[in-house]
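Just so you know, the sequences run in chain order A and B. Read in order, the letters of the first sequence correspond to residues 8 to 254 in this note's numbering. Read in order, the letters of the second sequence correspond to residues 364 to 592 in this note's numbering.
Errors might be hidden in some of the hints.
What the hints assert, rightly or not - Only part of the chain A face toward chain B is listed, based on derived beta-carbon distances under 8 Å: (1) Ala56; (2) Met58; (3) Ala84; (4) Arg85; (5) Tyr91; (6) Phe93; (7) Gly111; (8) Leu115; (9) Thr163.
To be verified - Residues from chain A that face chain B, not an exhaustive set, calculated with beta carbons under 7 Å: (10) His65; (11) Ala97; (12) Phe110.
Simulated from the structure, these hints should not be mistaken for lab results. Small disclaimer: the values here were computed from a predicted structure and weren't measured. Just so you know, even glycine gets a beta-carbon here, dropped at the ideal spot from N, CA and C.
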Amino acid sequence: MQFELNITKRLRCGGDEFLLRSRFATTDAALVLFGPSGSGKTLTLQAIAGMLTPDEGHIRCNGRVLFDSAQGINVPARRRNLGYLFQDYALFPHLTVRENIGFGLKPLFGRLAKRDRDRVEELLDAFGLGAVGDQKPAALSGGQQQRTALARALGTSPRLLLLDEPFSALDQPLRVRMRDELSRSLKSFNIPVIMVTHDSDDVAAFAQSVVIYRNGRVEDIHSARELADSGQNLAETLQKQAEKAYA
Amino acid sequence: MSMVWIDLSAPEFLSPLLLTLKVAGVAVLLSLILGVAAAYALSRRNFFGRDFLDAVCTLPIVMPPTVLGYYLLVFIGRRGIIGQWLQETFGITLMFTWQGAALAATVVAFPLVFKSARAALESVGEQYENAARTLGQNELAVFLRVSLPLAFRGVLSGGMLAFARAMGEFGATLMVAGNLPGRTQTLSLAVYSAVQAGNDALANTLVFIISIVCVVILMITSKLLQPGF
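Given these sequences and hints, build the entire structure.
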């Protein structure tokens, strides 16, 4: 994946002003945006998805311009073809698991095409949700909810998956299990990801590169391979960065 | 007054009941369409004059129905801007017709749909709509597949209240449509006429039926608003 982003956004929050200046480029297939809460990483992810319009700058993915203020281009979220896994999953509470997963495939009027129905069943099987396909999301466990959200995001075959703090809603033992599970799913679907997290374990598990955020700015960018080559420990480096960020 | 039962299928009772149901039905349909559209526009877009528009949409709740009726006379009366245009272009007269009564009931019932639809739509989490957008849905699909279903109970309870309000509408209807038996005389107008004419038996029955219908509607509405229903 070729990804390039350079945006600024001014936000007013109460009386305070927050300035986001986000800039990075990568060719890695797994990028982690790492930093404390309120450092601008989730805003950056929302800008990539098209939920937040930057004041200035550009976003490009594999040569396709998603946003460019100079050229007046702002592709709407629905045409960006990016999957988004929300922090609280944002599963549609009025629809069943099966309907949630098929949501992006179903036309406004009419039913799912045969091909898409098969795809939904495949996803239900792939994520071990076959038994709860007709349940509403409220009846699911945290792990099942996350699987449903992931299956829904993958349903429309996105070119890139955006993950917003994917494990923060889970308790510790489940978090470890779901981390392994997600890692395997991403490999089997072979899809590039950009993940937002404040958990250094997530970085260690997923990152090929890590972008470190602090106070709305990109503080540093590391490539996991380069760190390893130079004999540094990724987890330790991040720990130091994190301590600095929270200091 | 003594309670005297009369034949429910008698024309002096049946005709105002059917007319009331027709007028209230049309009024609720119009208020639902206009009220939900206005509520959606005002809850999703922030523009100059939004608070003013919100006040205008809410105004019929607090204004005396006769004042609303007067406004309607000014606009849709024979010499009113809209009334004249309708008459000349389509040959439609709203004054002293059941359509005029339906319009008056719509104006009075509209804010009830608008208010509860706006509250319900604003309580729909933005992340659900964003999720639908990232799944390739356009704004119409986001509204019909996510926002409206999630706000459905609030919209429906607003519609029930609007129906009850439209059924009982008196002042604005009297000003616009008059009190013509068989043509514009709804239940609440018929009660007034029956009392004026000293026909207590008819008044009793009409009042009883209106009361029952309103109690049932209020019970259904509060049931709909209960969490977990």
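Cross-check of the supplied hints:
Because the beta carbon of Ala56/A sits about 6 Å from the nearest beta carbon in chain B, less than 8 Å, this interface hint is met. For Met58/A, the interface hint holds, since its Cβ comes within 8 Å of a Cβ in chain B; the closest pair sits about 5 Å apart. At its closest, the beta carbon of Ala84/A sits 4 Å from a beta carbon of chain B; the interface hint therefore holds under the 8 Å criterion. Taking 8 Å as the C-beta cut-off, the interface hint given for Arg85/A holds, the closest approach to chain B being about 5 Å.
Proximity of Tyr91/A to chain B holds as hinted, the smallest CB-CB distance being about 4 Å (cut-off 8 Å). Given the 8 Å rule on beta carbons, the hint for Phe93/A holds: about 5 Å separates it from the nearest Cβ of chain B. Of the supplied interface hints, the one on Gly111/A holds, with its beta-carbon coming within about 3 Å of a beta-carbon of chain B, less than 8 Å. Here the hint on Leu115/A is kept, as its CB sits about 5 Å from the closest CB of chain B, short of 8 Å.
Because the beta carbon of Thr163/A sits about 6 Å from the nearest beta carbon in chain B, less than 8 Å, this interface hint is met. Because the smallest distance between the Cβ of His65/A and any Cβ of chain B comes to about 20 Å, over 7 Å, the interface hint for this residue is violated. This hint holds: Ala97/A has a C-beta 4 Å from the nearest C-beta of chain B, less than the 7 Å allowed. With a least beta-carbon distance of about 5 Å to chain B, the hint placing Phe110/A at the interface is held under the 7 Å criterion.
Figure legend: structure checked against the earlier numbered hints; the only hint not met is number 10.
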